[in-house]
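Asks: Between the sequences and the hints, there should be enough to build the whole structure, so can you do that?
Chains V and A are the protein sequences, given in the same order. Here numbering that gives the first Met the number 0 is used: the first residue of the first sequence is 0, the next is one more, and so on. Here numbering that gives the first Met the number 0 is used: the first residue of the second sequence is 0, the next is one more, and so on.
There may be inaccurate statements among the hints.
To be verified - With a Cα cut of at most 30 angstroms, we get these calculated DSS-like pairs of lysine-lysine:
1. A:K2 <-> A:K105
2. V:K44 <-> A:K165
3. V:K44 <-> A:K225
4. V:K144 <-> A:K129
5. A:K53 <-> V:K225
6. V:K129 <-> A:K144
7. V:K105 <-> V:K144
8. V:K44 <-> A:K129
9. V:K165 <-> A:K44
10. V:K44 <-> A:K144
11. A:K105 <-> V:K144
12. A:K44 <-> V:K129
13. V:K165 <-> A:K53
14. V:K144 <-> A:K44
15. A:K165 <-> V:K53
16. V:K129 <-> V:K144
17. V:K165 <-> A:K165
18. V:K144 <-> A:K144
19. A:K44 <-> V:K225
Said to hold, decoys possible - With the C-beta cut set under 8 angstroms, the calculated list includes, among others, these residues of chain A facing chain V:
20. C132
21. M137
22. M170
23. E180
24. E183
25. N185
Stated by the list, open to error - Just a few of them, taken from the derived set where beta-carbon distance is under 8 angstroms, the chain V residues facing chain A:
26. S13
27. R92
28. I131
29. I139
30. G145
31. F146
32. T168
33. M170
34. F181
35. N185
36. E194
No wet-lab data here; the hints were simulated from the structure. The beta-carbon is built from N, C-alpha and C at its ideal position, and this holds for glycine as well.
Protein chains: 2
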Amino acid sequence: MEKAILLISSSYVSGSGYLDAFEETIKNFLKNIPQILFVPYAADKTNWDSYTEKVRQHFNLFGIDVRGIHEPGVENEIDDFKAIFIGGGNTFRLLYQLQQFDLLSKINDAVLNKGMLYMGSSAGSNVACKTICTTNDMPIIYPPKGFDGINLIPLQINPHYIDPDKNSTQMGETRDDRIMEFHEANNTPVIGLREGSFLSIDDEYYRSQKMFLGGTNGAKFFFPGKDPVDIPNAREIVFISDGIFYVE
Amino acid sequence: MEKAILLISSSYVSGSGYLDAFEETIKNFLKNIPQILFVPYAADKTNWDSYTEKVRQHFNLFGIDVRGIHEPGVENEIDDFKAIFIGGGNTFRLLYQLQQFDLLSKINDAVLNKGMLYMGSSAGSNVACKTICTTNDMPIIYPPKGFDGINLIPLQINPHYIDPDKNSTQMGETRDDRIMEFHEANNTPVIGLREGSFLSIDDEYYRSQKMFLGGTNGAKFFFPGKDPVDIPNAREIVFISDGIFYVE
Chain V
0 MEKAILLISS SYVSGSGYLD AFEETIKNFL KNIPQILFVP YAADKTNWDS YTEKVRQHFN
60 LFGIDVRGIH EPGVENEIDD FKAIFIGGGN TFRLLYQLQQ FDLLSKINDA VLNKGMLYMG
120 SSAGSNVACK TICTTNDMPI IYPPKGFDGI NLIPLQINPH YIDPDKNSTQ MGETRDDRIM
180 EFHEANNTPV IGLREGSFLS IDDEYYRSQK MFLGGTNGAK FFFPGKDPVD IPNAREIVFI
240 SDGIFYVE
Chain A
0 MEKAILLISS SYVSGSGYLD AFEETIKNFL KNIPQILFVP YAADKTNWDS YTEKVRQHFN
60 LFGIDVRGIH EPGVENEIDD FKAIFIGGGN TFRLLYQLQQ FDLLSKINDA VLNKGMLYMG
120 SSAGSNVACK TICTTNDMPI IYPPKGFDGI NLIPLQINPH YIDPDKNSTQ MGETRDDRIM
180 EFHEANNTPV IGLREGSFLS IDDEYYRSQK MFLGGTNGAK FFFPGKDPVD IPNAREIVFI
240 SDGIFYVE
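Replies: Take a look at the structure:
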């Protein structure tokens, strides 16, 4: 089975509407698939319906139908779907719900072994990683089964990555400081994915660690004990666990 | 026994050195106490000694001795000390260590029932609250016993509080957005404590909910389902769970 994973830093990019910056990318990714399964669990329960409706209206523009994973007739049964999209919101709330409904391993299996396409944005990209330990979100709820994510890739994404502002008088940690703290406790490489950027991962990645960094603003790659590597433009990259090799 | 709690937003304030902005406040708070117990657990284990040494050098300037809670002869036995200071760093790491050494309830008891003075800064202020659920920190390690803090006050502090920047093009959540997310899942009021500010809490708070907001930049108070209240200047406040009353 082919694997296909699209991980977007953020649904909104400054100056454009919901997912608009990724319209062509998403169309190419979904190809002819007429229906996707949407997971609104990063939102508060009271907003699952409205969030799903917003996503439905967006995808309907391209002739793609959307089912909410919480909706009657679906109710967390994912096997019938060819593509899943996990939207942004609060990553702790998202993980909590995925744990409650025992979905982490089911989604992992569907994507890595059964050819289900995976699309994530923001919290939905973070939760696709080994753990959620590189989220920016506030820990508003305790996930009782740990911080492990869906673990589609043995890497960490930091979504909405933002470079340190040298003119700031704020003394709290910069994003780079926080990722360095992560590396005091963990060895997994971190991809600081700037808003406007995405990672596209397919079978080639699992064979040769080659993935595509797409979109407009690039990413910064952090390895424990090394200086970060800034890749400002879209390009193919080979991401070895302790270094990056470009493929022009 | 008198209770006395000093909760500082951040050890560093732009333009001044470690704890310098709070020198008079801390001297008045500690009065004649010749020795404090310092908790460096928000730092990585490899830095506990150097962190404690930095704090020791600072307090020695005022003739105050510092013992590290991890040091030989102390080793997490807190009963002999009249004052405890929990420093800043990563709140998840701090909570993890406090859980490992079973210190949460011991510190709670020492401060609320035995007259031990409590001083916290940043992560050390956050962990003094009901939970750590209003931290800004990255969840670099999983605290296996939940997010409950020392619970000295039935409130939440968000340290390093920063107002939304209206000129920012970043689409990720503002601090206010994050606190609103917290209130989708929790009812506890949140005090967004700006850098340069502190809360001073003593017996009067437990009788009449009166506390002192001190320092230079004030705080913003958030209640679920209400507009936040900005208190820009130092003043006495009476903080009722669903509202604030000033005491000029």
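Asks: Each hint should be assessed against the structure and marked as holding or not.
Replies: Structure-based check of each hint:
no.: 1; hint: A:K2 <-> A:K105; result: holds (15 angstroms)
no.: 2; hint: V:K44 <-> A:K165; result: holds (29 angstroms)
no.: 3; hint: V:K44 <-> A:K225; result: holds (20 angstroms)
no.: 4; hint: V:K144 <-> A:K129; result: holds (21 angstroms)
no.: 5; hint: A:K53 <-> V:K225; result: holds (26 angstroms)
no.: 6; hint: V:K129 <-> A:K144; result: holds (21 angstroms)
no.: 7; hint: V:K105 <-> V:K144; result: holds (15 angstroms)
no.: 8; hint: V:K44 <-> A:K129; result: holds (24 angstroms)
no.: 9; hint: V:K165 <-> A:K44; result: holds (29 angstroms)
no.: 10; hint: V:K44 <-> A:K144; result: holds (25 angstroms)
no.: 11; hint: A:K105 <-> V:K144; result: holds (26 angstroms)
no.: 12; hint: A:K44 <-> V:K129; result: holds (24 angstroms)
no.: 13; hint: V:K165 <-> A:K53; result: holds (25 angstroms)
no.: 14; hint: V:K144 <-> A:K44; result: holds (25 angstroms)
no.: 15; hint: A:K165 <-> V:K53; result: holds (25 angstroms)
no.: 16; hint: V:K129 <-> V:K144; result: holds (14 angstroms)
no.: 17; hint: V:K165 <-> A:K165; result: holds (18 angstroms)
no.: 18; hint: V:K144 <-> A:K144; result: holds (11 angstroms)
no.: 19; hint: A:K44 <-> V:K225; result: holds (20 angstroms)
no.: 20; hint: C132; result: holds (5 angstroms)
no.: 21; hint: M137; result: holds (4 angstroms)
no.: 22; hint: M170; result: holds (4 angstroms)
no.: 23; hint: E180; result: holds (5 angstroms)
no.: 24; hint: E183; result: holds (4 angstroms)
no.: 25; hint: N185; result: holds (7 angstroms)
no.: 26; hint: S13; result: holds (4 angstroms)
no.: 27; hint: R92; result: holds (7 angstroms)
no.: 28; hint: I131; result: holds (7 angstroms)
no.: 29; hint: I139; result: holds (4 angstroms)
no.: 30; hint: G145; result: holds (5 angstroms)
no.: 31; hint: F146; result: holds (5 angstroms)
no.: 32; hint: T168; result: holds (4 angstroms)
no.: 33; hint: M170; result: holds (4 angstroms)
no.: 34; hint: F181; result: holds (5 angstroms)
no.: 35; hint: N185; result: holds (7 angstroms)
no.: 36; hint: E194; result: holds (6 angstroms)
In summary, this structure violates none of the numbered hints.
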